[in-house]
Amino acid sequence: MSNALKKEMTSPSAEQHILSVENLDKSFGSVKILKDINVAIEPGDFLVLVGPSGCGKSTLLNCIAGLEKATGGDIRIGGRSMNGVSPKDRDIAMVFQSYALYPTMTVGKNITFGMKVRGVPEAEQQRKLNEVATLLQIEHLLDRKPSQLSGGQRQRVAMGRALVRDPQLFLFDEPLSNLDAKLRVEMRTEIKRLHQTLGASIVYVTHDQIEAMTLATKIVVMKDGIIQQVGTPNEIYNQPANMFVADFMGSPSMNLIPAQVEKVGGTAKISITRPDMDDIVLDFDREIKGLTDTRKSVILGLRPENITDSANQHITKGQVADCRVDVVEPAGSDTFVVTNLGGKQVTARLNADAQITAGETANFAFDLSKASVFEPESGARIA
Amino acid sequence: MTDLSLNDAQMDERASRNRLMKRVALRLGLYVLLILFALYYLMPLFVMVVTSLKSLDEIRTGSLLSLPREIDFSSWGKAWSSACTGIQCEGLRPYFWNSVMLSIPAVAISTLLGAINGYVLAQWRFKGSNILFALMLFGCFIPFQVVLLPMAITLGALKIAGTIPGLMLVHIVYGIGFTTLFFRNFYVTIPVELVKAAKVDGAGFFRIFFSIFLPVSPPIIVVTVIWQFTQIWNDFLFGVSFSQAGTQPITVALNNIVNATTGVKEYNVDMAAAIIAALPTLLVYVVAGKYFIRGLTAGSVKG
Numbered sequence: 019m020s021n022a023l024k025k026e027m028t029s030p031s032a033e034q035h036i037l038s039v040e041n042l043d044k045s046f047g048s049v050k051i052l053k054d055i056n057v058a059i060e061p062g063d064f065l066v067l068v069g070p071s072g073c074g075k076s077t078l079l080n081c082i083a084g085l086e087k088a089t090g091g092d093i094r095i096g097g098r099s100m101n102g103v104s105p106k107d108r109d110i111a112m113v114f115q116s117y118a119l120y121p122t123m124t125v126g127k128n129i130t131f132g133m134k135v136r137g138v139p140e141a142e143q144q145r146k147l148n149e150v151a152t153l154l155q156i157e158h159l160l161d162r163k164p165s166q167l168s169g170g171q172r173q174r175v176a177m178g179r180a181l182v183r184d185p186q187l188f189l190f191d192e193p194l195s196n197l198d199a200k201l202r203v204e205m206r207t208e209i210k211r212l213h214q215t216l217g218a219s220i221v222y223v224t225h226d227q228i229e230a231m232t233l234a235t236k237i238v239v240m241k242d243g244i245i246q247q248v249g250t251p252n253e254i255y256n257q258p259a260n261m262f263v264a265d266f267m268g269s270p271s272m273n274l275i276p277a278q279v280e281k282v283g284g285t286a287k288i289s290i291t292r293p294d295m296d297d298i299v300l301d302f303d304r305e306i307k308g309l310t311d312t313r314k315s316v317i318l319g320l321r322p323e324n325i326t327d328s329a330n331q332h333i334t335k336g337q338v339a340d341c342r343v344d345v346v347e348p349a350g351s352d353t354f355v356v357t358n359l360g361g362k363q364v365t366a367r368l369n370a371d372a373q374i375t376a377g378e379t380a381n382f383a384f385d386l387s388k389a390s391v392f393e394p395e396s397g398a399r400i401a
Numbered sequence: 008m009t010d011l012s013l014n015d016a017q018m019d020e021r022a023s024r025n026r027l028m029k030r031v032a033l034r035l036g037l038y039v040l041l042i043l044f045a046l047y048y049l050m051p052l053f054v055m056v057v058t059s060l061k062s063l064d065e066i067r068t069g070s071l072l073s074l075p076r077e078i079d080f081s082s083w084g085k086a087w088s089s090a091c092t093g094i095q096c097e098g099l100r101p102y103f104w105n106s107v108m109l110s111i112p113a114v115a116i117s118t119l120l121g122a123i124n125g126y127v128l129a130q131w132r133f134k135g136s137n138i139l140f141a142l143m144l145f146g147c148f149i150p151f152q153v154v155l156l157p158m159a160i161t162l163g164a165l166k167i168a169g170t171i172p173g174l175m176l177v178h179i180v181y182g183i184g185f186t187t188l189f190f191r192n193f194y195v196t197i198p199v200e201l202v203k204a205a206k207v208d209g210a211g212f213f214r215i216f217f218s219i220f221l222p223v224s225p226p227i228i229v230v231t232v233i234w235q236f237t238q239i240w241n242d243f244l245f246g247v248s249f250s251q252a253g254t255q256p257i258t259v260a261l262n263n264i265v266n267a268t269t270g271v272k273e274y275n276v277d278m279a280a281a282i283i284a285a286l287p288t289l290l291v292y293v294v295a296g297k298y299f300i301r302g303l304t305a306g307s308v309k310g
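Residue numbers (the numbering used here), protein chains in the order written: chain A, 19 to 401; chain B, 8 to 310.
No lab work stands behind these hints: they were computed from the structure.
Small disclaimer: the values here were computed from a predicted structure and weren't measured.
Keep in mind that the hints are not guaranteed to be accurate.
[Said to hold, decoys possible] Some but not every residue of chain A turned toward chain B, in silico, with C-beta under 8 Å:
1. Met112
2. Phe114
3. Phe131
4. Val135
5. Pro139
Every residue, glycine too, gets a C-beta built ideally from N, C-alpha and C.
Please construct the entire structure, taking both the sequences and the accompanying hints into account.
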């Protein structure tokens, strides 16, 4: 106890953080799952942990919940160290991917089970149950068994079970992954609305980068148990810290084009090869870290929306170049065009009504104002 | 054109009639075969029931398969309350109750232990839990004969040799392997997230077991109870090895009636006694049989 007190005094910032994870390590046997994780969120934050499967995001959530024991480091919820604190005493509620509803209990019993275990008076249980049922519009389902519900209804019940708890921190473990595409989008909006109305603090795990972008106030991108980048959705999307983040976030993903860069008369010139034509040379007006007068290989990261047909109104300071059109993919709202640049398939995003045919050469506009430049070996961002 | 199509229709009709005949013939053949098999398997039961209802005179003079001239229940009465099992002549009744008093607690306790073991092995994995499970599985395959001597010594040391609780212990220990296997394989299909959700809700080990796992278990409980009851009720080797006069189960008493060497061989009494001894397991299967199949095939629990 005295140890915990001392710790609290040495980290004054912990007071404002609803959750802070400090130097967290987790290994199963000799396999390191999480390496030196540091994250903190303020009250009302919606933190999304995103990454490919096996990156450790669910393990991190389980550590926060107390369902897994961390190997090293500290987790604080509401400023209180969670070392040795059991899940029920952490003032958290959790929603699971498989919903994890108790199969033999009715919806009402499912929602009140936690309160029953904690010995909350019957009248209070009923009041809270009704409140949450109204909020989630599941009043008519309270006497049903989970097996009689649809996927979306089960999801609502699972959220209801978390909401009655009224905890400091909500934990969501891929809650929408078992729903079909249409319902997933609906529930996503629903979760976002709940977050706005309740002002709750949430940690949310997903492998779906669109979910991460739409829901989060703060995103943590993870890979192999290491945090790649922490930032707002805008920062993650526009200034990815490395090639992994650039490639993982966004759909279709960012084009990573091998290129050469050199300084000519004070401005950086990026040249990209094209088949059967001269190299494209583009001006890059921001500073590139570590750039000298010698030619240097880099990876140019360009989102599909930053390469478009030259007739497009949105790109004002685009630099134009001819490219051969390999594939045209009309997607309704946009038309995606694939061309070959720097020896790689590169996707451009054109207007839906763009007049373009495969096999021909077309004039494209390149907007480098939001481009990223990466170091080819380390993958780190240099501009 | 119309002629031709009419002709076609007639040909079609003939062909389809042929197909129908063929199908009926096949079906018929199948049923005949099935009925023959059913008769073959029912024959011993038929002979037993018929013989138990005949008088001794009729058994000696008549054929094995003939129906009794007059139905005589006296052999059933004798088998139940006055047949000799050695020097005593009290029939099966005391031994029947011995078996009941032995089986019911032994089945209940081994099922409950199996359920808790299975719950731990499936949902609360710990280091070495798989090895432990493999060892318990191995226990299912140890032949009865191997454990006789060590068990006798253990029962002696516990001072319950020759008593019903002693025999109960033997059956519970021997049954735990099977019951654990059944429950573990059933609980392994339940998502681990259920336990996690309950933990976050504040429920502990036993609370989760009794409020969440036990209520989904009836199918597997039925399977386990039928299995264990049949095993324990029908057991002869442990019964004959670890009991003494007065505590013997019904299987041992049945053997003693049938193998009594003094006097005339009373086939009708033997048959009645055998049916009485087999009746409880038959009854359990008839009552719970459909759950048995359902439980064996029950897969995951849809949450």
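Hints, verified against the model:
With its C-beta approaching chain B no nearer than about 5 Å, Met112(A) sits inside the 8 Å limit, and its interface hint holds. Residue-level restraint check for Phe114(A) holds (minimum Cβ-Cβ distance to chain B is 4 Å; threshold 8 Å). A least Cβ separation of about 6 Å between Phe131(A) and chain B falls short of the 8 Å threshold, and the interface hint therefore holds. Here the hint on Val135(A) is kept, as its CB sits about 4 Å from the closest CB of chain B, short of 8 Å.
For the restraint placing Pro139(A) at the interface with chain B, the shortest Cβ-Cβ distance is roughly 16 Å, beyond the 8 Å limit, so the hint is violated.
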